[in-house]
Amino acid sequence: MDLLRFLTAGSVDDGKSTLIGRLLYDSKNILIDQLDAIERSSKARNDGSVDLALLTDGLRAEREQGITIDVAYKYFSTPKRKFIIADTPGHIQYTRNMVTGASNADLIIILVDARNGVAEQTRRHSLIASLLNIPHVVVAINKMDLVGYSETVYQEIVADYEKVSAALNLSNVQYIPISALDGDNIVDVSEKMHWYRGPALLEFLENVEVEDHINHTHARFPVQYVIRPQTEELHDYRGYAGKIESGVYKKGDKVKIFPSGAEATIKAIEVSNKEVKEAFAPQSAVIHLEEDVDISRGDTIVKIDEALQVSQDVDAIVCWMDEKPLTVGRKYFLQHNSSVVPAVVKEIKYRLNVNKLEKEYDVDAAVLNEVVEVRLKTASALAYDSYNFLRENGGAILIDQTSLVTVGAVLLQ
Amino acid sequence: MSSYQLDYLEQLESESIHIFREVAGQFERPALLFSGGKDSITLVHLALKAFRPGKFPFPLVHIDTGHNFPEALQFRDALAEKIGEKLIVRKVEDTIKAKHLTEPKGKFASRNQLQTFTLLDTIEEFEFDACIGGARRDEEKARAKERIFSIRDEFGQWNPKLQRPEIWDTYNGKIHKGENVRVFPISNWTELDIWNYIKRENIELPSVYFSHERKVLEYQNQLIAVSPFIQIDEGDSVVTRKVRYRTVGDMTCTAAVASEAYTIDDIIGEIIATKTSERGETRIDDRFSEAAMEDRKKNGYF
Chain A
1 MDLLRFLTAG SVDDGKSTLI GRLLYDSKNI LIDQLDAIER SSKARNDGSV
51 DLALLTDGLR AEREQGITID VAYKYFSTPK RKFIIADTPG HIQYTRNMVT
101 GASNADLIII LVDARNGVAE QTRRHSLIAS LLNIPHVVVA INKMDLVGYS
151 ETVYQEIVAD YEKVSAALNL SNVQYIPISA LDGDNIVDVS EKMHWYRGPA
201 LLEFLENVEV EDHINHTHAR FPVQYVIRPQ TEELHDYRGY AGKIESGVYK
251 KGDKVKIFPS GAEATIKAIE VSNKEVKEAF APQSAVIHLE EDVDISRGDT
301 IVKIDEALQV SQDVDAIVCW MDEKPLTVGR KYFLQHNSSV VPAVVKEIKY
351 RLNVNKLEKE YDVDAAVLNE VVEVRLKTAS ALAYDSYNFL RENGGAILID
401 QTSLVTVGAV LLQ
Chain B
1 MSSYQLDYLE QLESESIHIF REVAGQFERP ALLFSGGKDS ITLVHLALKA
51 FRPGKFPFPL VHIDTGHNFP EALQFRDALA EKIGEKLIVR KVEDTIKAKH
101 LTEPKGKFAS RNQLQTFTLL DTIEEFEFDA CIGGARRDEE KARAKERIFS
151 IRDEFGQWNP KLQRPEIWDT YNGKIHKGEN VRVFPISNWT ELDIWNYIKR
201 ENIELPSVYF SHERKVLEYQ NQLIAVSPFI QIDEGDSVVT RKVRYRTVGD
251 MTCTAAVASE AYTIDDIIGE IIATKTSERG ETRIDDRFSE AAMEDRKKNG
301 YF
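From first to last, the protein sequence lines stand for chains A and B.
Just so you know, we're using our numbering here: the first sequence kicks off at 1 and counts up by one.
Just so you know, we're using our numbering here: the second sequence kicks off at 1 and counts up by one.
Just so you know, not all the hints are guaranteed correct.
[Claimed, not checked] What the simulated footprint calls covered on chain A by chain B, stretch by stretch (three residues with Cβ under 8 Å from a Cβ of chain B suffice, anywhere in the stretch; the number is not a length): (1) 74-86; (2) 99-105; (3) 331-345.
[Unchecked claim] If you want the ones that stay clear, here's a sample from chain B, every Cβ over 12 Å from chain A, calculated: (4) Ser16; (5) Glu22; (6) Val89; (7) Thr102; (8) Ala144; (9) Gln163; (10) Thr240; (11) Ala261.
[As the list claims (entries may be wrong)] Once the Cα atoms are required to be at most 25 Å apart in a straight line, the calculated SDA-like pairs of lysine to any residue come out as: (12) Lys177/B - Gly183/A; (13) Lys275/B - Gly183/A; (14) Lys174/B - Gln401/A; (15) Lys80/A - Lys174/B; (16) Lys86/B - Gln401/A; (17) Lys49/B - Glu233/A; (18) Lys359/A - Asp160/A; (19) Lys250/A - Asp7/B; (20) Lys275/B - Tyr237/A.
Just so you know, these hints were derived from the structure itself, not from any lab.
No residue lacks a Cβ here, since even glycine has one placed at the ideal position from N, Cα and C.
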C-alpha cells in the first residue's frame, strides 16, 4: 500500500481542523473513545453540536482559543491508501509551523472561506507551496452552506485563484466546493451542489497520482555517522552510514566525495544489516569503499560523473521564521543535511510581496513570515544542488547562533 | 513509475534509522529509554539496524516505577543481555526515599507522575543531552503535536508554543547546557504499523502481549490486573479472564483487554476490528483531565 502525505492550509477559521475531523469521521477513522471525548468537550463548551476540530486541536491553549497553534499529525487509511495529515495553523504568527507541515508533503489542501474568497493567507500559503514544489494543490472552497451552495460564488473564487496559480506557476490545481461542517463533498458527493461534477475530496486523495517524487537519477548520499566496531574480527570494518537522499548506488560504482573531491569505488552496500547489490532513495544504508579515504559526518558521497555546486558564496530563498529579523551582516549556522557551517548574510536581493506576488528591491531586513532571496557566504565550501533541480539536496535551515532556534527555511539556488 | 519503490513500512523504517543516526551524529551523551514494552522493543530493533555491527552509541535506560509487569522486566534484562548493550536502571522507589516524595493515594495509585522526578535526576546524573523514546503521534492528541526532536528546558519542561520548526528531514539538535532533547524516531508509526512491523521482522515480545489467563479487577469497564499495588475493596469484582495487553505501562494504570489472540496475526486481526484506541482502552492515567498528557509532558514527563 502506498502513502500520501498532505497538509491543510488557509486562514484562521477557514475550517481546516473541522475538515480533518470530518474526513476522519465520515471515513470511519475515529474510534469510539476519541469521539466520546470530543462529544464531552463540545458539551462542556455549551454548544450542542459536536466540534470535530477538537480532534486535532490537542493543546489546552488551542481548545481555549479555538485556534490551531501547532501542527498536529493524524494518520488514517482507507482500503486504497495510507495517509499522514499535517493539520497546520492558519494564524500568520504560526506560519513557521505551516512550513514545517509543508516541507514533506505530496499535496496541499488550501481552504478558502466561500464568503471571503482569496485572502492574504491564501496567497502566502500558495506561495510557500510553490516555493517548496509541493506536487499537488487542492483548493477546497469551504462553507458553501453559508453562501447557498452558489455556483456563481464558486466560479468567482476559482477565477480569482487562477490568477494566483498563474503568477506562481502552480500546476495540478484541483478545485472542490465543500462544507466541512456538514460533510458536503468530503467523503460523499454532495446532493446540494449538482452543478459540481468533480470528485469528493476523499476520492480525489485516494486516486491522485503520487508518482514517485523521489529522484532516482542523481545520486546523493550524505554521511551521517561512521560505523567502526574496532573489534578483533571486525578490525577493518568501516561503514559510512546515512540515508540515500536521491538516486541509486551499486556495488562497483565509482564515486566522488564532496567537498574534498577524493575519488573511490563502492566495495559493498548494506541495508538493514544485509549486504545488497544496489540501494536507492530513500533507503537508509551503509556504504563501504575500496580505498581508505578520509570521510566523516557532513561529507556527501556522489556518483563520479555528477557535478554538485561547491561554493562559499550561496544564493538562497529564505522563509524567515523568527521574531528577530534577518539582517545583512548577521551570522547564523547553516545546516544542510548532515553538515553544519557558519554563514553570514552578505546581501538581501529582494523580498517577495505576498499580496502582489512580486519582487521588492532595496530591502535591508526580513521580518517574521517574510520570504527573501539572500546571498550567503559560508565559512567553508558547501556542496549542494539547487532546490528546484533536486529538492532532496537543496533544502537547508538557518539556526540562530545564540538562541540555537531554527529561524529560516532555506531553498538553495 | 520507477521500480525503486519502498512500501510504507520500509519508508517508516528508513526514516527511523535516519533519526537514530542523527542522534548519534549530533549528541555527546544520548540514551535510549527502554521499558520492555512493544514500542521500545521496536526502537531497540531499529537501533540494531542503524548501528550494527557497531555498538550502540548510547546505553539503554529504564526508569523503573517498581510497579511493572514482571514479564516485561524479565524481558528487558534478557534482551539487553542478548544484544550485549549496557542497561542502566534507576528506581522511582529510591527517589521517593531520597527526596521524601509523597506517594499518591487511592484505588489505582499510580507512580506515573513520580517517574518524572527519577527521569530528570537520571538525566542530570549522566548528563544525557538526548533521550530517545518510543512515543507515537497516534497515541494521544498532545503527542500528535510533538516534534521528532523535542527540546526540553533545564527543568525538563516542554513548551508546546515554542517548538522549533522541523523542515524536511533536517533536525536541529543544538541546545544550551542543561537542556535536553527528547527524540521520537517512531513518531509517524501507528499502533497497527508497529504490529505489522513486529510480524514482518519477527520481533520477540513479552508474553503479556498475547492472550493468557489472569486475575483481574473489573472496574468501570476496565480490567486491571490484580497485584499488590492496587487496592481491592469489598464488593469489587475479581475474576479470572483471558486477556492480553495492548500497551504495557504500570500494573496500576494499564488495563488489559479481553482477548483470544495467541499469535501476532490474531492480534493484528483484533486491532483492525477494534473500535477503541490503544490509550483510550487501556490507560487510566490519561483520563484524569482533558489535558492530562499535555500537563505531564509540560512538567518533564516523557
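Against the structure, the hints come out as follows:
1. Counting residues of the stretch 74-86 of chain A whose C-beta sits closer than 8 Å to any C-beta of chain B gives 4, which meets the bar of three, so the coverage hint holds.
2. A stretch counts as covered by a chain when three or more of its residues have a beta carbon under 8 Å from one of that chain; for the stretch 99-105 of chain A and chain B the count is 4, and the coverage holds.
3. With a cut-off of 8 Å between beta carbons, the stretch 331-345 of chain A has 5 residues touching chain B; three or more are needed, and the interface restraint holds.
4. With a least beta-carbon separation of about 8 Å from chain A, Ser16/B fails to lie farther than 12 Å from that chain, contradicting its non-interface assignment.
5. Listed as outside the interface, Glu22/B is inconsistent with that label: its C-beta sits roughly 6 Å from the nearest C-beta of chain A, within the 12 Å cut-off.
6. Every C-beta of chain A lies more than 12 Å from that of Val89/B, the closest at about 26 Å, which supports listing it as non-interface.
7. Listed as outside the interface, Thr102/B is consistent with that label: its C-beta sits roughly 25 Å from the nearest C-beta of chain A, beyond the 12 Å cut-off.
8. Taking the minimum C-beta to C-beta distance to chain A, about 4 Å, the non-interface status of Ala144/B is violated against the 12 Å cut.
9. For Gln163/B, the shortest C-beta to C-beta distance to chain A comes to about 6 Å, within the 12 Å cut-off, and the non-interface label is violated.
10. Interface exclusion of Thr240/B from chain A stands, the closest Cβ pair being 26 Å apart, more than 12 Å.
11. Every CB of chain A lies more than 12 Å from the CB of Ala261/B, the least distance being 18 Å, so the non-interface label holds.
12. This hinted pair does not check out: Lys177/B and Gly183/A have alpha carbons roughly 50 Å apart, beyond 25 Å.
13. For the given pair, Lys275/B sits about 22 Å from Gly183/A by alpha-carbon distance, which is consistent with the 25 Å threshold.
14. A threshold of 25 Å between alpha carbons decides the hint, and for Lys174/B with Gln401/A the separation of about 9 Å falls inside it, so the pair holds.
15. Of the supplied pair hints, the one linking Lys80/A and Lys174/B is violated, its CA atoms being roughly 40 Å apart against a limit of 25 Å.
16. A threshold of 25 Å between alpha carbons decides the hint, and for Lys86/B with Gln401/A the separation of about 35 Å lies outside it, so the pair is violated.
17. At most 25 Å may separate the alpha-carbon atoms for a hinted pair to count; Lys49/B and Glu233/A meet this at roughly 19 Å.
18. Under the criterion of a C-alpha separation no larger than 25 Å, the hint pairing Lys359/A with Asp160/A is consistent with the structure, at around 20 Å.
19. A hinted pair counts as satisfied when its Cα atoms are at most 25 Å apart, and Lys250/A with Asp7/B qualifies at roughly 21 Å.
20. Taken as a hint, the Lys275/B and Tyr237/A pair is broken in the structure, with Cα atoms around 49 Å apart against an allowance of 25 Å.
In summary, the structure is inconsistent with hints 4, 5, 8, 9, 12, 15, 16 and 20 from the numbered list given earlier, while agreeing with the others.
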